[in-house]
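Trainee: So the sequences go chain by chain: A and B.
For the first sequence, the residue numbers in this note's numbering are 16 to 129.
For the second sequence, the residue numbers in this note's numbering are 14 to 125.
Derived from the structure by calculation, the hints contain no laboratory data.
Be careful, since some hints might not be right.
Derived contacts from chain B toward chain A, CB cut-off under 8 Å, selection only [unchecked claim]: (1) Lys55; (2) Ala83; (3) Ser106; (4) Phe115; (5) Gly116.
Listed below are several chain B residues computed to face chain A (Cβ distance under 8 Å; list not exhaustive) [said to hold, decoys possible]: (6) Thr37; (7) Ala42; (8) Tyr45; (9) Pro47; (10) Phe102; (11) Phe113; (12) Pro117.
Every residue gets a Cβ at the ideal spot worked out from N, C-alpha and C, and that includes glycine.
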Amino acid sequence: DAGITQSPRHKVTETGTPVTLRCHQTENHRYMYWYRQDPGHGLRLIHYSYGVKDTDKGEVSDGYSVSRSKTEDFLLTLESATSSQTSVYFCAITPEGNSGNTIYFGEGSWLTVV
Amino acid sequence: GENVEQHPSTLSVQEGDSAVIKCTYSDSASNYFPWYKQELGKGPQLIIDIRSNVGEKKDQRIAVTLNKTAKHFSLHITETQPEDSAVYFCAASSTYGQNFVFGPGTRLSVLP
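Can you build the whole structure from these sequences, using the hints too?
Mentor: Here's what the structure looks like:
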């Protein structure tokens, strides 16, 4: 158990609306990540964070923004949702004290854009 | 950049038999190779990992082997059980999690 809580777990939204997914952790992990998972593409990194207000882009960042104003929360925002953003979104963390590159995933947020 | 291939894409075995999933990677700088198991409707769960200074690691019925020269690593599951049925992902990384590259996954079915 990575101690990650994602919300909402399931959401249906309309094209063009903004959507925010929340990742919450209680164990003071510095490194947090947002991935999306799609058939045929596997797991792809959207954005990641090294700490409060310290974020960077991943492989598929277009159309997404993130914020990390507190250690425990990493928010993923779709400014104007499109059907191509229908996906399963996973938050992940690297535990403190780890040798550096182990990541643990949350349970996922299923997003459908209609 | 790193590229990870994974084979087979689907695998069916009889309960009690062994299952082997193979991955190859392209970047010789990669030094960490985890395996994840994902059950339907859940997030990927880390089941075993290996670092480049080790050739083999075992945890009960699960083992991973690494051949750095050939740039491939494999997951071995012995005495398979129905609860082993899931999608398995390999990955390769050289530094922190932002450099993870995942394989496309293998759907393992263990038939009773």
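Trainee: Can the hint on Gly116 (chain B) be confirmed by a CB-to-CB distance to chain A that is less than 8 Å?
Mentor: holds, 7 Å
Trainee: Grab the minimum C-beta distance from Ala42 (chain B) to chain A and call the hint holds if it beats 8 Å, violated otherwise.
Mentor: violated, 12 Å
Trainee: Take the shortest C-beta to C-beta distance between Pro47 (chain B) and chain A; is it under 8 Å?
Mentor: holds, 7 Å
Trainee: Hey, does the Phe115 (chain B) contact hint survive, CB to chain A under 8 Å?
Mentor: Since chain A brings a Cβ to about 4 Å from Phe115 (chain B), closer than 8 Å, the hint holds.
Trainee: Hint check: is the beta carbon of Thr37 (chain B) less than 8 Å from a beta carbon of chain A?
Mentor: violated, 15 Å
Trainee: Min Cβ distance, Phe102 (chain B) to chain A: is it shorter than 8 Å?
Mentor: holds, 7 Å
Trainee: Hint Pro117 (chain B) vs chain A: min CB-CB distance below 8 Å?
Mentor: holds, 5 Å
Trainee: Let's test the interface hint: is any C-beta of chain A closer than 8 Å to that of Phe113 (chain B)?
Mentor: holds, 6 Å
Trainee: Given a cut of 8 Å on the nearest C-beta pair, is the interface hint for Tyr45 (chain B) held or broken against chain A?
Mentor: Interface hint status for Tyr45 (chain B): holds (5 Å vs cutoff 8 Å).
Trainee: Under the criterion of a CB-CB separation shorter than 8 Å, is Ala83 (chain B) in contact with chain A as hinted?
Mentor: violated, 22 Å
Trainee: Does the CB of Lys55 (chain B) sit less than 8 Å away from some CB of chain A?
Mentor: Because about 6 Å separates Lys55 (chain B) from the closest Cβ in chain A, which is inside the 8 Å limit, the hint holds.
Trainee: With a cut-off of 8 Å, does the beta carbon of Ser106 (chain B) approach a beta carbon of chain A closely enough for the hint to hold?
Mentor: holds, 5 Å
Against the hints set out earlier in the document, violations occur for numbers 2, 6, 7.
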